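Heads up: the protein sequence lines correspond to chains F and U, in order. All the letters of the first sequence, read from the start, carry residue numbers 68 to 338 under our numbering. All the letters of the second sequence, read from the start, carry residue numbers 68 to 338 under our numbering.
What the hints contain is simulated information worked out from the structure, not anything from laboratory work. All of these numbers come straight from a predicted model, not from anything done at the bench. Among the hints, a few may not be true.
Put simply, identical chains are the same to the list, so a pair is met inside one copy or across any two.
Unchecked claim - Derived lysine to any residue pairs resembling SDA-like cross-links, with alpha carbons at most 20 Å apart:
no., residue 1, residue 2
1, 262, 147
2, 163, 146
3, 163, 182
4, 244, 137
5, 163, 181
6, 270, 329
7, 303, 192
8, 185, 158
9, 262, 186
10, 272, 336
11, 262, 324
12, 270, 335
13, 259, 336
14, 262, 325
15, 262, 115
16, 262, 119
17, 303, 333
18, 185, 146
19, 259, 125
Each chain is listed here by its residues.
Number of protein chains: 2
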Amino acid sequence: MNDLDLTTHRLQPGQPVNLSEIETDGKAFHDDRDAAEEEFEALVEELAEWQRRLYAEGRQKLLVVLQAMDAGGKDSTIRHIFGRTNPQGVQVHSFKVPTAQELAHDFLWRIHQRVPGKGMIGVFNRSHYEDVVVVRVDRLVPESVWRARYEQINQFERLLADTGTTILKFYLHISKKEQRKQFQERIDDPSKQWKFSFDDLEKRKQWDGYMAAYSEALARCTTGAAPWYVIPGDQKWYRLLAVARVLVGTLRQMNPAYPAPERDLSGVVVE
Amino acid sequence: MNDLDLTTHRLQPGQPVNLSEIETDGKAFHDDRDAAEEEFEALVEELAEWQRRLYAEGRQKLLVVLQAMDAGGKDSTIRHIFGRTNPQGVQVHSFKVPTAQELAHDFLWRIHQRVPGKGMIGVFNRSHYEDVVVVRVDRLVPESVWRARYEQINQFERLLADTGTTILKFYLHISKKEQRKQFQERIDDPSKQWKFSFDDLEKRKQWDGYMAAYSEALARCTTGAAPWYVIPGDQKWYRLLAVARVLVGTLRQMNPAYPAPERDLSGVVVE
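Based on the provided sequences and hints, a complete structural model is requested.
Written out as structure tokens, the structure reads:
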């Protein structure tokens, strides 16, 4: 097993981020799609084995956060990366527009309820980062409120990390041009039309506002314990490979193991 | 596509059940393991497609309840049947020994919180049926309490069914001899030892009590809306096939479809 480089797309704490200047083209990082797909297949197999060990060990926790613009590939990433793991040990939660009850609490209340327990992989399809992005672009709360959330998020993620959770946050980074292509495909393909919403076009008009909001959120909430990865998303095959490398590389470091039996079983015979 | 027979292992409402007299040997129903495995592969592929449609449609709900004696194959069934579906649309919940907070509520309180929402498949690894089986064998509550639960369960499942949930309940039925074989394998194989617990041997001593408790629970809680299936479990390959047939056959009847777009999309061009 070669070591996997985890740093290629990882942001550094304290560095400014400008998403408009970060590459969305996977071909800038990999020039062989066939080789990438082959490596991805092997990594997905390896991931399934690590997931079994993590679950059997029942000690460590892994939280995977996915954020992206619409059509950025969140659903596709979840399906392909976790499509061969055991659903008993992988809990995916899609955070939607908050309910009245959720809004009656602090913004991390509903998030905290969904973090993974021991032995589990938790996957967030959208997350508490909506609360510093969409609420900012749509002016749903005053700036003083969303701005205070950066530190609240960092403290919250620090709590999770300090109590045994490994946190990986992926921003799937597509270009505005690629989003147009994806939207048009959804419109033109009857089997994909159900995914399309006219609201998506409204959000698309605010592209620059979203890039600014994401850039600041990623910069302010990249910590040693919970870094952001900005994954070039214009090619699905590279996006999947890049996420899989970080996941598997991280699990190799976590190195979960099948636990020893509660006591020596040698010679035990079942009657 | 041939029609799948859903009735082979389905219990009938109002009929007495004696598990000791129900076949655990899959070979009594199928004599060609290779053909069974081939059919299973095709069914699992089909299941993944139905699950995508169910999720896209976002209207119907499917609840799958799994019960079995230890080493009866619950975990294995979940892994193999749902190992290729999208974890975003499949939520597995393993009910453990109730916590103090759970015990402070009625026995269906924690169950109700985990039932699937629209578009979802919910899988229960153990369930509210523990509350009429283990509590009876271990005398954790008086008979008047667990006996009242049959009707409480039927009313609860009726509520779920009446509000759009299709319910499939599988009892994975292994012989006492097969359980010995499985336990011994766990003891003798270092990579499986972590699954073994000496508590399991204590439960094994109460085999007859468990059979009696399960038999009555299955008989009393088989309704038209929520039938039990008793799946012969001694051969893994037949157990998987039999469960897959019922699941896929049921989804064919539910027949979820990709939804139409919110309005006509013809001619829409993304800018």
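Fill in: Structure versus earlier hints - violations, ascending order
Hint check: 17 fails alone, others pass.
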